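Please take these sequences and the hints and turn them into a complete structure.
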Amino acid sequence: MKLYVYEVCTRIHGYIAILGLAVLLHPILSISSQKQLRKGTRWSVWLSMILVLTAYGMGLWLYPEYRTQIKPGLITENIALAYMFERKEHLAFLTSMLVLGGGFLCLYFRDSASRTLARLLMLWGWICGLLVAGMGIMVAAA
Amino acid sequence: MSKIPKIPASVLCAVMMGILSYTIQRLIDAQNEPPMGTVLLQTTIPYYWRIAMACLHATASGLLCHALLPQLTMSIQTLKWIVSALLILCVLALIVVP
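Chains as they are written, first to last, in our numbering: chain Z, 130 to 271; chain P, 8 to 105.
By construction, these hints were calculated from the structure, which means they are not laboratory data.
Since the model is a prediction, treat every value here as computed from it, not as a measurement.
Just to be clear, a hint being listed does not mean it is correct.
What the hints assert, rightly or not - Ranges of calculated distance between the beta carbons of each label pair, as one might list FRET restraints:
no., chain 1, residue 1, chain 2, residue 2, range
1, P, Leu34, Z, Ile208, 14 to 22 Å
2, Z, Tyr237, P, Gln38, 34 to 42 Å
3, P, Val103, Z, Trp190, 40 to 48 Å
4, P, Thr66, Z, Tyr133, 33 to 41 Å
5, Z, Glu206, P, Pro41, 13 to 21 Å
6, Z, Glu206, P, Val103, 21 to 29 Å
7, P, Met60, Z, Cys138, 21 to 29 Å
Glycine included, each C-beta is placed from N, C-alpha and C at the ideal position.
Shown next as structure tokens:
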């Protein structure tokens, strides 16, 4: 992959992830007040799951390019940022697991216990996602 | 005490097991691998292996939970605290040991 294609893909990956996090906030804030999910909330859960998982999938696809093209230079120039990138990857896995689990529970189960667990998982996914986004912005800015 | 249906309990178990598995694998790897910068490129990508193993553990534990657990009866508040505490520990471990 050429370097500029990689750069474009990383930017798209970041924008999709940020968009996913923004959409995820809607079900987190609104599901506790709904006995049956409203159509808009259902759409936002689906959309946030799709966006977060697409961003994660793009990250997995780009990771080998990062290892061969970017990481060696990053290690010699600023090893702290290389470590930050690794942290970001770990937390991205946690985010995708939590959003996937929370979204599934939210979409398919109506009882209050499942809704509470769904909200908890999505909230933690959002918090991890926010950390990932912050680290990603710092690495991308370097 | 509230009753948590079988499938949501299994999904929760799968998610938590996947996260715990990833964190433990990372902590074990961190003890054995050379410091970053001494090895520039490995032939395999450990990150992919960890994800694959964590997904495998998550699926297996979710299926086992679904097969063996009749229904989870537990205070939802206690469960929320347990899940949150485990997640905080995992996030901190992954931040401290990159």
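Structure versus earlier hints - violations, ascending order
Going through the list in order, the structure violates hint 3 alone and respects the others.
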